[in-house]
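Student: The residues making up each chain are set out below.
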Amino acid sequence: MIAAPATPNRATRAWRDLSTDTALIYGVLALVALISWGLILANGGQINLANTLVRSVALGMVAVGQTLVILGGSLDLSVAYQVSVTAVMASYIMQGDPDRMLLGIAVVIAIGIAIGLANGLIITGLGVNPFIATLGMALVLRGILNSSFDNFAGAVPAEFQGLGYGSIGPVPYSILLFLAVVLVAWFLLRHTRFGHHLYAIGGSEETARLSGVRSARALIGAHILCSLTCVLTGLFIVSRLRAGAPWVGPDGNYGLESIAAVVLGGTALSGGKGGVLGTVAGVLILSLLDNLFNQLEVNTYLKDVLRGVIIVAAVAAYSMRSYRSRP
Amino acid sequence: MTNVDLSTSTALTATGGSDGADPGVPLLHMRGITKSFFGVPVLDAVDLDVMAGEVHAVVGENGAGKSTLMKILAGAYQPDAGSILLDGEEVRFGHPRQAQEQGVSIIYQEFNLLPERTVAQNIFLGREPARGPVVDNRAMEEATARLLAELGVQGSISPGSPVRELSVAQQQTVEIAKALSFEARILVMDEPTAALSPHEVDALFERVRLLQQRGLAVLYISHRLKEVFELSRRITVLKDGRKVDTVASDAVRPGELVRMMVGRELDHYFPPRATASEIGDVRLQVGSGAVGKLHNVDLEVRAGEIVGLAGLAGAGRTEVARALFGVEPFTAGIVELNGKPVRIRSPRQAIRSGIGFLTEDRKLEGLILPQSVRDNALLALRSLGQARMNERPVKEAPSVLDLARRVELRAASLEQEVRYLSGGNQQKVVLAKWLATRAQILIFDEPTRGIDVGAKAGIHELMRELARSGAAILMISSELPEVIGMSDRILVMRDGTIAGELPSGASEAQIMLLATGERETVVAA
Chain A
129 MIAAPATPNR ATRAWRDLST DTALIYGVLA LVALISWGLI LANGGQINLA
179 NTLVRSVALG MVAVGQTLVI LGGSLDLSVA YQVSVTAVMA SYIMQGDPDR
229 MLLGIAVVIA IGIAIGLANG LIITGLGVNP FIATLGMALV LRGILNSSFD
279 NFAGAVPAEF QGLGYGSIGP VPYSILLFLA VVLVAWFLLR HTRFGHHLYA
329 IGGSEETARL SGVRSARALI GAHILCSLTC VLTGLFIVSR LRAGAPWVGP
379 DGNYGLESIA AVVLGGTALS GGKGGVLGTV AGVLILSLLD NLFNQLEVNT
429 YLKDVLRGVI IVAAVAAYSM RSYRSRP
Chain B
3 MTNVDLSTST ALTATGGSDG ADPGVPLLHM RGITKSFFGV PVLDAVDLDV
53 MAGEVHAVVG ENGAGKSTLM KILAGAYQPD AGSILLDGEE VRFGHPRQAQ
103 EQGVSIIYQE FNLLPERTVA QNIFLGREPA RGPVVDNRAM EEATARLLAE
153 LGVQGSISPG SPVRELSVAQ QQTVEIAKAL SFEARILVMD EPTAALSPHE
203 VDALFERVRL LQQRGLAVLY ISHRLKEVFE LSRRITVLKD GRKVDTVASD
253 AVRPGELVRM MVGRELDHYF PPRATASEIG DVRLQVGSGA VGKLHNVDLE
303 VRAGEIVGLA GLAGAGRTEV ARALFGVEPF TAGIVELNGK PVRIRSPRQA
353 IRSGIGFLTE DRKLEGLILP QSVRDNALLA LRSLGQARMN ERPVKEAPSV
403 LDLARRVELR AASLEQEVRY LSGGNQQKVV LAKWLATRAQ ILIFDEPTRG
453 IDVGAKAGIH ELMRELARSG AAILMISSEL PEVIGMSDRI LVMRDGTIAG
503 ELPSGASEAQ IMLLATGERE TVVAA
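Listed in order, the protein sequences are those of chains A and B.
The numbering used here numbers the first residue of the first sequence as 129 and each following residue consecutively.
The numbering used here numbers the first residue of the second sequence as 3 and each following residue consecutively.
Please note: incorrect hints may appear among the correct ones.
[To be verified] Which residues of chain A face chain B? A partial, calculated answer using Cβ under 7 Å:
id, residue
1, L167
2, H324
3, G331
[Claimed, not checked] Quick list of the computed label-pair ranges, beta carbon to beta carbon:
id, chain 1, residue 1, chain 2, residue 2, range
4, A, A441, B, G157, 39 to 49 Å
5, B, E330, A, A242, 15 to 25 Å
6, A, R318, B, Q215, 53 to 63 Å
7, A, I163, B, N298, 44 to 54 Å
Just so you know, the hints here were simulated from the structure itself, not pulled from any lab data.
Given the structure is predicted, the values throughout are model-derived calculations rather than measurements.
For every residue, glycine included, the Cβ atom is placed at its ideal position computed from N, Cα and C.
Please put together the full structure from these sequences, using the hints given.
Tutor: Structure follows, in structure tokens:
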């Protein structure tokens, strides 16, 4: 028998991972950072990296969840309202009482799992297009929220606000939480059967099915995980605001912005290609731009125009790149 | 958890043994397999048996039922009647998964690989070696490396490369490795050489022989008789869903085999062919056209004539049509319309130049199914901006009505959605679309596929009438009787180029010999 060739070692594998699209996106990130910081300093402003990062956390966690569903060929338009549901329910249940903290957290996690399960089952079981299924979920959640709560409901105890404001040395808790979410998602995608199957389903559901993959299961799992990232985001936001209100999610624009971050990070909207590391870069690019526009006091409407142009231009560049490299 | 046997070398050697298994009981025995689709019989009581360590070829014309038979073996279709025996025991495959578990692996013409995933990830998709939920990437890549080493390609294909970076031949090797990873005992290869270069074909053959020596039974589906004779021990010939015979490959000559494949009667009358005076100037001419796998494509079509374009699946006939119509335009060579050189870079330009294309897949490419007869008939014309869109339907009606009359359309009304029409009438709507643009060069790709016999004759009459009124028609068809019955001249394609031209009334055997590349002259039976 012929000797089996050596499998590439970890170093070459890691290099191969980095040398592809992800490297390109981080190159773009570095460029955006240099340009925006240059402009800020030139205008006599100050760079506040920690601040930029903390402001990336909320969008970042949702975007990581969004990455999972998009990789599987799905989508979640209801994330913003899921964030609101968590924020409102957490402060409503806790009512400023430290003893009710765990109860509040348990309830919002349970609600999150239920919403993710419902999204996943509607998409896989009833065969409803993910766009419509999660748009419907968004409307339902919005209706329930707005009919039950006018404004801030209850409050979280001061202890809970540590999540939003506390830190270990110079590193805020929230950034550690975000890193943990990224790490877990990266590990799931790279090293578990769930992750492998998710990529396969997004790449070609037919091929996945013919290879014996239970595609519904993996997709439902991705939706539940996505909802859990919304729960974490909701908890983070309510810890900073002290109380939740129905508008915190939609005002943060997490729905479309999370999708923009995912796509900006190089993940194909049709699924099967990409990953969370790219999404992190996408989120940071959006935050850096935000920070730049704020420091330069760019008009709000002009800000929207600029961000829109940048997102579309970036995706057009990716698409041209992959078009040209086609055989 | 799925139990994956990673020691593939034992999987290859444990079955059968290389010295030829017991000749008594075939490894695979298919008995009386019968199948019809929508009442149309595709297979009629077909028998097939394969020994361990044997390469058994299955040959036949397009539509003879080869692929259906293999899909039944692989569990993708269920037979209406008949049984499958493995090692003498009857098995039933309700799902491809069950066939795989019994050691039946099939490599389809279109590969089932995920381009963005690595070789190892593709091979073990759905059966990843894992500890709990965590995939053992190292074990997976090592097992893949072993599989690739078995096939002798460990140097050229790395388990960690994304599949999109591989050549077609390498992707096929990955498919073979995937098939073997199921501990295959029976490997079905459906037209495996269709996309390969001669050098790659040789490498594939070596691999097939290696598998054969290890006791696998290989079912080899191919149009290419040269390959069939080179590889196989026995050959089963199918024709029109029936088994003609199973012969030892050293006991039959290629010419005899071709006769077995094609020998049949014409089943309906065709309209009379064009007379010399009806054939006019050259409307369409291609010189040395090339794109993708097409090369040195030379052809001309004159006003008033129907030129048949014959060839085996994968020879490049549809590609010629798509190149002419600007879908994937020729990148080299000269195209002339009515004697003037043109460069057609898009379908829009082709339509403006007076070309119409009736595609092979009527429902996907020819029609917008949920729209009306009227909207479909005017689709191409409107895209040119020549139909006044705002005009009320009443005023538009006469012209569409004329078109419908010309093609003898049978529909409840012009507002009927085309999805409710029969295949023949749908094809007439596509034809009306091109009559609306006054196309003078018409390309028909499988004009009567899936159309019942009566409607077929109607389409044939229409094509001839169009030719008589001055249109130049290029007709691609896999049905030899249609090619012979309709064409004023016949071009035969092989391997991406025009292999030769035959006059009207050529025999099926002449066409098949050109199409397969067999040199031996066949004495007319």
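Student: Each hint should be assessed against the structure and marked as holding or not.
Tutor: Hint by hint, here is what the structure shows:
Taking 7 Å as the C-beta cut-off, the interface hint given for L167(A) is violated, the closest approach to chain B being about 37 Å. Hint status for H324(A) relative to chain B: holds, with the closest Cβ pair at about 6 Å, below 7 Å. At about 4 Å, the closest approach between the beta carbon of G331(A) and any beta carbon in chain B falls short of 7 Å, and the interface hint on this residue holds. For A441(A) and G157(B), the hinted distance range of 39 to 49 Å is satisfied, since their beta carbons lie about 42 Å from each other.
In this structure the supplied range 15 to 25 Å is violated for E330(B) paired with A242(A), their Cβ-Cβ distance being about 50 Å. Checked against the hint of 53 to 63 Å, the pair R318(A) and Q215(B) fails, with Cβ atoms roughly 39 Å apart. Distance hint check for I163(A) and N298(B): the Cβ-Cβ separation is about 53 Å, which falls inside the suggested range of 44 to 54 Å.
Of the hints listed earlier, those the structure fails to meet are numbers 1, 5 and 6, in rising order.
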